[in-house]
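Colleague: Sequence:
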Amino acid sequence: MASTAVAQPPAVRTAHPQAWSYMLLLALLALALGCSGLPSPLYPIYQSEWHMTPLTITIVFAVYAVGALGSALTVGPISDAVGRKPVLIAALVSILAGLGLFLIATNAWELMLARFLHGSAIGAITVVAGAALLDVRPHDGARNGMASGIALNVGITITVFGAAAAAQWAANPLRVPFAIVGAVVVLMLVAVIVLVEPHTERTGGRVRLQRPSIPKEIATDFWFSGIGIMTAWSVLGVFLSLYPALTQHATGHTSVIFVGVVVAVMAAASAASQWIGGRLDPRTAAITGDLGMIVALLSAIWALHTGSTTFVIVDSIVLGAAFGLAFGGSLRHLNDVAPADARGRVMSAYYLLGYLAMGVPTVIAGALSSSFGTAEVFPWFAAAVAAACFAAAVLGLRGRREAQSDLEQTRS
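Residue numbers (my numbering): 175 to 586.
Any given hint could turn out to be false.
Pair ranges (Cβ atoms, derived) [unchecked claim]: (1) H423 to V534: 23 to 29 Å; (2) T227 to V358: 28 to 34 Å; (3) K390 to H423: 48 to 54 Å; (4) P389 to A193: 29 to 35 Å; (5) V568 to L363: 40 to 46 Å; (6) T458 to I278: 47 to 53 Å; (7) I450 to E284: 40 to 46 Å.
Hint data in this document are derived by calculation from the structure and do not stem from the laboratory.
Quick reminder that beta carbons are idealized off the backbone N, C-alpha and C, glycines included.
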């Protein structure tokens, strides 16, 4: 009996020709967030040696967010059109320029310019490398999201603790950390130059920048994820800028290494919780994280009030774990639904919300701290963000009920 041949659909590329490309992209994400947190343990030194106010520190931090916002508005469509690789190369060159400025800086405006360059570059890397991961492994969105979140936090953990250790024992604490990271960036730049372009579906046409937009079919999913990154990154902004000096004052520890430990354990706990939370439904993980951040933020007020080193460290771990679930869950959910032809602009819109949430509350907190004192302002900030986390959890629970209702109607 003759058999009739059935036409098979064309094979879909699921792997990049260079087996190491996936790990390189994760390493780029780790490098990006590592550079974002690099100055955090050094801010107390800048404050004491350069006599910088809390407002100046938060402006230095917020300028980074402004640069990242510019990238979030532009690099997604650019990389969709011309490819991921040219954008990544430009971003790494910009990071090197910013590190060079840190090495020669003698006043605050040079720090601001360096942080602007880093914000632009890091914003580009988080958006474009995140989209490139989906290019390399297009059918593994949720796992890509989990791996991205872990890489981001591992980068902060290693870089912040390393910078604190170098600053603690190096002869020139405001120069050595940036020189070490600069050498790593050069190696990464060489790797990206030899990388085969991962975005084979690029249009190659004229780049048309437009206001952030998302495909209508994923609007509900996007806003659930968007609320997740906004609540999480509003916490991250203040904890990477004002919190280090605040913990020193509360506990009496003046060493830079203590600041590095506080930030590093928070980031490490976030990475661990995202790995563990990868086994959970993304929406469930995000809601759990929002509720956990409420507890951790309110506990942070008590930990600083007591001045207990143990309480501060433990609360930083709890906050990091909750942050990891909230951010990681939202990112995994978005990666799972982003269409192939719009990955760049979806990631741009997502990180645009994140950098807005990171920059605006940080500047407000810094301005108020300069007038009233960081210790007096922090409890109000923590309470306000805790309320936002509660709202995010409520919206997430409502969205889950609606999704379950839609599923039941489809089945019936």
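Colleague: Compare the structure with each hint and give your call.
Modeller: The hints, checked one at a time:
1. H423 to V534: 23 to 29 Å: holds (25 Å)
2. T227 to V358: 28 to 34 Å: Because 32 Å falls inside the window, the suggested range holds.
3. K390 to H423: 48 to 54 Å: At roughly 49 Å between Cβ atoms, H423 and K390 fall inside 48 to 54 Å, so the hint holds.
4. P389 to A193: 29 to 35 Å: Roughly 32 Å apart at Cβ, these two residues keep to the hinted range, so it holds.
5. V568 to L363: 40 to 46 Å: holds (45 Å)
6. T458 to I278: 47 to 53 Å: For T458 and I278 the Cβ distance comes to about 49 Å; the hint holds.
7. I450 to E284: 40 to 46 Å: Taking Cβ atoms as reference, I450 and E284 lie about 41 Å apart, which means the hint holds.
No hint from the list above goes unmet by this structure.
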